[in-house]
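These are the residues of each chain, in order.
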Amino acid sequence: MPQHQISMVLDLNKCLGCQTCTMACKKLWTDGDGMDYMYWNNVETRPGQGYPRNWDKIGGGFEDGKLRPSELPSKEDYGQTFEYNYAERLFQGGMQAMPQEEVRNTPNWDEDVGALMLGENYYFYLPRLCNHCTNPACLEACPRKAIYKRAEDGIVLVDQERCEGYRYCMKACPYKKIYFNELLGKAQKCIFCYPRIEKGEVNACAKQCPGRLRFVGFLDDPDSAVHKLVHVYKVALGLFPEKGTEPNVFYVPPFNPPRTGSYGKSVLEDPRMPMDYLKYLFGDEVVDVIRRLEGELQRAQSGGASEVLQLLIGRDEHVRYQIPKHEQLIQIGGGHKA
Amino acid sequence: MKNRRDFLKLGALAALGASIPGCRKADKPQLEAFTGPLDPLRAYPYRGWEDLYRKQWTWDKVVRSTHSANCTGSCSWNVYVRNGVMIREEQAADYPRISADLPDYNPRGCQKGACFTEYVYGPQRLRSPLIRAGERGEGKWRKATWDEALTMVAGKLLDNIYQYGPDTNTFFSVIPAMSPVSFAAGSRFAQYTGGVFCSFYDWYCDLPPGEPLTWGVQTESCECADWFNSKYIVLWGSNISQTRIPDAHFAWEARYNGAKIVGISPDFNSSMVHTDLFLSIQPGTDAALALGVAKYIVDNNLYDTPYVKEQTDLPLLVDKRTNLFVRAEGSTDRFFFHDAKTGKRHEAPGSMGSKEKTIALNGADPDLHYSDGEVTTVFELMKQKLAPYTLEAVAQTTGLALSDIKQFAHEFATRKPAMIIHGAGLNHWFHNDLINRSLILLVALTGNTGKNGGGFNHYVGQERVWPERGFKAYAFPEGAKKQRMQNMTLWTYLHSSNKDPHLYNGKPIEHYIEESIKNGWMPLYPKKRDQKPRALIVWRANYLNQAKGNEYILKSLWKDLDLIVDLNYRMDTTALFSDVVLPAASYYEKSDISTTDCHSYVHPFNKVLDPLYDSKPDWEIFRDLAKKVAQLAAERKLAPYHDQQFDWRRDFTKTYDLWSGNGKFQQPEDGANFILDGSPETKGMTFEQLKQHPQRFKKIDEEAWNSEIEEGRAYTPFQHQVDEKRPWRTLTGRQQFYLDHPWFLDFGEQLPVYKEPLADSAKYPFFWNTPHGRWSIHSTWRDARYQLRLQRGIPICYIHPEDAKARNIADNDWVKVFNDNGSFVSKVQILPGEKRKRLTMYHGWERYLGFLQGGWQSTSMIKIKPTQLVGGYGHVNFKLNYWGPTGNNRDVRVDIVKYTPTAADLQTIRRTGKGKA
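The listed protein sequences correspond, in order, to chains Y and G.
By this note's numbering, the letter at position 31 of the first sequence is numbered 23, and the numbering carries on one by one without gaps.
Convert by adding 694 to the 1-based position in the second sequence; the result is the number in this note's numbering.
Don't take each hint at face value.
As the list claims (entries may be wrong) - For lysine-lysine, the following DSS-like pairs were computed, each having C-alpha atoms within a straight-line distance of at most 30 Å:
#1 K925/G to K257/Y
#2 K1110/G to K257/Y
#3 K191/Y to K749/G
#4 K191/Y to K755/G
#5 K49/Y to K1499/G
#6 K1301/G to K1385/G
#7 K925/G to K226/Y
#8 K257/Y to K1100/G
#9 K1521/G to K49/Y
#10 K191/Y to K1301/G
#11 K191/Y to K1385/G
#12 K1521/G to K67/Y
#13 K749/G to K137/Y
Treat the hints as calculated values from the structure; they're not laboratory data.
Excised from the complex, chain G in its bound form (with noise of 0.2 Å):
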């Protein structure tokens, strides 16, 4: 057999019971009749052939490395090479413990990274450097040498600078911690092109905005270990057993160790199947549950007095007629309650603008509680807003049994330490920054944050760069203030046809969209609103297929631009719709690093064999690119380019002595190893030293983060807060549930509130959910023929099978589905434990596989909450990933009906004839 289908057709001949020389059938086989005394049950003299095996388990050289998905996995595998060839991975599983009573990180990684590599010898991987030859997305290229498509880059990027300005040239790739000196290589050039670099960890929507609104940080969670020290998890959200493959045994195991898991989630997932206890909440209306569960702790005094008073902003004083904290005479960041003990106001220690720079009493006693005719406490006020938040009217809202909520309330309020595992299940919702905030209210109330075992802990999305101080100094060598950043939701929404019906206090988002970049809060590039983004270099990204708004981005933004560029190692949908297509090395193939959110170790990437066919590291790519444009530049006698935004005289025939800092860096492990140098956590290592094991980190930043790393302690964040009482990063120094800008009291979100799921579709019955699932890390393993053969081999959506029965569709059906924004066709499955009136399907198909129309973002539309675009308070000012309106999902509706495929949808499904793309 030379080839698989060849042997495809011998397997269907077998099974019609042909005559295959070589071959028996069972049928009338011509037995051999065995006489003799052999016994195989007990002993047998014919063993020579176990060689077979034995010859099959084995290899030449063995490699550490591991993979850049987005997956918050970060998990080192070693692979295995034989006679040149990568045959097989295999997880390390050597993560050193961290203390014998934690069970350990190993083995770390799933069953996506135990094949990847199908995806570096595979039909999907990119070979050569490729220039459109086409319609975008058609698929008909013509090889190019590199020199050919750096030239045709690096000079249109040039032509737009010196015609349209810097600002026309964008940059997207996303989450540095899973390969940072990828990701460096392209904002170092960008830094020094001028060219726009844009937000991911909001536009994916996975940036909890609650986090910056109350704790002035971008996301701090504990690592994945110290799950096993809680008494009480709380999965909201997040279906673990799919979308933390690698860590969710710490919960399963907490649970042996004596603690109680909850599964909070509509639908019956595969992390359900574990839990003490299931609450198949109504979609979108968890933030009524903790809100219930708050008033619960509140009416029961079974909040944490001591905690409460120092950690938080509760005992702060509120002016009744304005709503505004009561603030020093002329100041806007010092703050007051009302002492106890002298019966006197008091200013609130550790404030911004506070002289002590400690939040510790010393000796003072807020009055939670107090109110007289002028001002009152926060706490008061949230009293009042918690008032409708019966266990009654909880009960009704979410539709859950009365009985099992009350004894939830009760348990998270005793039960310690307790903690939420937060997932994009709740994160994707246009009120996610209101969720966000009702969740953290309760693990503040409890007094669980900053405990070992507790707290509000997300992990959706790998951005957690450990080494952070090394990394920035790497990435935006100049610094941030010398560098054009953008939030990509606004501008994928304003550079496109997406606009938003719904009116917000009676007003269109694009008033609070004009508002925000005119007071200073949100960046928009290209500054001037005549001009349009001109250039769009994609790379570790698959950004057109994730898009929201998809099938409007189709017909405006990917017509609008000039020069789309991918690096990538396969061909994803956006590289299928770029203009020039660049082959990177595979996650196997080149030297970088990883860290996550999930655990507190360093480990690399390493070269298991040398980038194959014309495949180059991203780094090289830029390395070479810079190269062109110092080339271009002084071929072209370009005269340097004054930056005036920056008031930086540009001389391109530089970018590669500034790219490269003067030949500092040669190849990227010189950019590994100078994070590595820069920073507290990994101060002392190497890049060489990492081949080792994974490392786990010394130190920590304390400009960046908020507990110390301890030998024998799992990490859990705000610890400094907790136990040293310093301030927490915020206006008022404290977890702050009280925010008195202007929106937010328009809006009536000053304080956490629940607000329904957008109602703008009402026309369309089913919510449409498209989770993160176990068979892909986004888009990456979408197309990878061993996952799909353990699937339905193409995209399908779920539905319920009392909602199938309605709309006449059964299993394995094709269907529609559909609303005002755009429609897909794909097959359907009957999935007993999916929500009634809420279709399911798992995020991330690539537009070209399994579809006979659209692709699974055709019917979402980008919205923007208003409230997200507000800047200028204190700790909430746009600052890249970390505050910044995010690409919400999970509130579109659609409807479906049963598809009947046309003759040509038959030719494609049957890959007949011309069938159609």
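Next comes chain Y alone, as it looks inside the complex (with noise of 0.2 Å):
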């Protein structure tokens, strides 16, 4: 066990879908060459097909203690990355400016698609990264040992130097957030803006969210947020819990409005998105989230006071994260590839 973990809570009932994360970290780690259809912090709107496409459906994680790996997404199912032959339209009086291969399948393809549940239909966005496992099935997977987990807090990485490309990881993971750099032949991911967190800065992903709605901390420190929306309100969940990677990553689950007709029914009662489907995301356990939720939000709009959803309105930089500077920094220059 690391000495402590860092974690982030999601709520997902203010995300709006404008992929501000996604850009930040593109722009900050994955704007390197072989990365390009690398986003490592991604959003997808669910129901829907995911990035990479049906990461959900093909296999990963954990079955009894033992590891179940997938085969890879293919390079089309992490979506087509888009150049333009702008040159030639603009300024040479060329042809209409288009991408360089016919439209086929984009990281975000099904944007605001969802489904339709008896004519209504349903949808929320889903930002995602790498979740920095306590029981990582990429860690456990990779024959040359180069996936660790940070002792100071709980980071998983990817040793840049000792991995030589073999991919197990990709397979093991069963939230498909290890990728491929074709170019450097290794396996690449989140890196939990480890620089900033040891300078006491927050991720990127969570610096730069419009919507405010990640909370970053340590889920051991009792002080933190993360802590108690956790363990103490017990109203963020982690991603497919049954694949057993412990994930440190958590999520207040989504509200929808209710259907046509049915304003004052419990979201429990006549749901415009079904339960099933956020038991399929989140494991039974949020049904009881969802409930306490919902009496907390009742309780708030008729007058009265709830603390959870004070804590989640995040009011500022000093609720919303809890990250102490590194007491120790890292050793530089002691040890490199065995």
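Put the complex together from the two separate chains, hints included.
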């Protein structure tokens, strides 16, 4: 077990689907060669195909304590990365500007689509990043033991020097949050912005989120918002808990408004979004979370006070992020590839 | 790998399993078996590599700037430079807190701002002056020096002035609030050359005409932090999660704080997912819903009686025979109510003609329900008008569930404070003024306007220049009276082949236009009707791409103009279709300031790097243009031009002297400081100081605004009226719902009513809906690669699954959308949340990207509503952007068919052979 576990809680009732987190991460970390198709943080519309396409259906994770690797998603599953002929159209009098190939699939292909239940549309946005699991399948799968969990904060990293690009990790991850850089021959993934965390600054995806839906802190810090949301108020759940990796990224589950003509009914009674779908994502526990959150919302909207909702408002950075500065900086130069 | 193309090929090869040196395949790896006690779950000794990413998060300098695309966001960003290259940006996130209870404004910014650096260096960036070498829009250019380009432009402008008149030179730049110094550089030039300056807020259909009509203001909304103070927020035609990205959080946080959030929109859009109640309203029927709620409020006595008596015109007396206000003998602007206390008629204080400059009733008690043989009250007339809007009838009209709207009506009437956040989904209809007025009636009846957490709040378009006094003095130094101002909707309609076939009370719109011009209500340039506009100069705007009636304009106006000049940092559609393109500095390469309706702060643009390539800030371009005009005027020995309209003897050899304020303005920072120093909001601030962090305004200009700025309190408008009883800026001195202008009476619109969307294209079954979306700010970012990769790469329109099935259309098909005005071909996406019988395309796609034919405005036509041409009525007079015909577009109807690409189309799609532009 690491000494501490850094963690994130995302309130899905505040997500705008704006993809600012995606762009923040892209510009900071995955703007380099070989990384075009990677979105260490992505936002997908749910229900939907997700990114990479069908990642939630193909496997990965553990079953009865054993790794159950999936096939690798295809390049097409990650979506195309378009390039355009602007110089030709705008400056040389050439043909209409178009992507370099016909459009077939993109990382956000089914944005805002969702599904229909009895004629009424439902959906929500699900931002995803590496879950920096307590029992990472990727770490377990790597024959080189080149994936490790930092003792001081539980961040899971792929050693960019020792990785040889076997990609067992990619098959093992149930969330398909490790990517392969074909140019470098390395597996790459979300690093939980450790260079920022070490300096007391929160992840770019959190800091830059205009929806202000992310809470970041140490799960074992009883004063942190994440601790309270996960362990005290118990309103935040991990994705696909049955995969056995013990994710450390949690979600406050989403509501959708009532169906036409059902205003006033409980979301458990006549929901727009089927509860089965939320159970699929978060496990059976989600029903109780939804029930309690609905009660809190009713209390607040009737003039009462709700502690957990006041916390979820997240009025400023001090409420949302509790990142103490690291006492010790990491030893540099001490250890390299073996 | 030297470039991206090589890399892409590499990727394809790897996918095929080809053997590439340095890359591994997972199938048959050479395992370097790891024996030893390494347990990476608990400890790892080889962490030296971690410096790799630490080094990536480093920079040499960071400079604060912002973006000006007219998003109403006005977000302060930090831009990071390493090795002389801008590598990324991040929200500065340092807007000072207003109060401990209100969530703060941080981080302010969206995914588009988060990669503006792509444009700075991107292939669309304009790097040198260009002069057209082929046809307009073809994209063939020759490079020119600045001197050659400016000489050409200045020369032509002078030619036009002396040959055809100064009003044949037309200037179009929008929304000063987003970069007032850049705006004013051109408006000063226009003023000193006698050119015509065009409106934009109305042309873009973002002006809510109901605000000048009811309140005598252009637009006044609460700052977005005030949403948190509300207990009932109605998102009405406003998709805040897509269009108010930096501010939407205040609504979702207000919900946790005890507000109920209602979403009213035909489609189940990105904001509706988080509401407590979603009303999927039939498009264009919103006024009916509002009036149904108004009737409910009136019938159940749920209106705020003291507020209504004091703050609205509802108690005022109207003559039953003439339907005109009862006015004092010989006056146009003095009105009466019946005082219940004395039983007598009492002059209403605070009207435009009243001696009393207050609306305080001082003990008088207006009788809202007075009626005798001759006169009655506006309130009683309103009650009669509301009679048909029973909730049952409204449910029929709107397609909503009766139980839902009953609860909505009751909650709106009883939860306080309540506010409406009003968006383009309502404002872009032909009858936008009626819709606005109906909604404003609701917040007035319930006493919600002028209260924190309440009101009718509209943010479509970054129209609020908070430091207005200093700005106006800088932008039009000789005053508005010595500037040719033009409503752009009218100008474009009359100077293009747009021709509305609809008859209004049996007459064509041209009848009303000519009446309006004759009466001096709406100006028209060129004044001589046989003259055509000769030159058009556009900066900070994409006029052509965004114009309603696009296909008509391309065939007429765009052929008739002699000279089209565009200042821009990127080659947008207007630039592409211009004659002279002048490369402007990007948002990160100039000095300016930014304000917005959404918050109460000012913050700067700074030069992260000096203007790249051969670009110059707009300000310098106009400076040099002014110098060039002066130089040419001297060389050509031009006699001063007597501008008769203003009795102004214009010596053009003095153009630069005048433009620079006789040398006072040597650089844009001088302009910024002039604005800051000249406005109560910002007096004492300097441009240099703004670099620290966004600054909250200190006071307000009472001539311009209607509430104070207070520390610790979010700004909401009209507190002068509601708290201090100052008159409203209207004819009656009150929120005015009764408009007895003859044209309003002719059309039965003296009170707000519901009118159906225009039906003159009944043969086309789909509403054509072009809302603002998250992926662009109008046309900016529409061609940005990182944005496009998170969409579907090219323009798409949306259709409901049932409608698609009926037309045999599948997801990702090519489709043709068409009506009598024009057509376009794009791809389609099936969207279950879309409304039946409506097609949506988020707006602003550039013509040059992805369409096989046409563009997003190909199916629209300019429609002018007769009543929006009026003037000479108290507070209803033309003033640039305050009042004038709006460029509505939601009443357009189209049809859609599956489209099979031709062989030439396929060449275009696959970028092979010649293809076509």
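*asked:* For each hint given before, does the structure comply? Return the numbers of the non-compliant ones in rising order.
replied: Of the numbered hints given earlier, the structure breaks none, since each of them holds.
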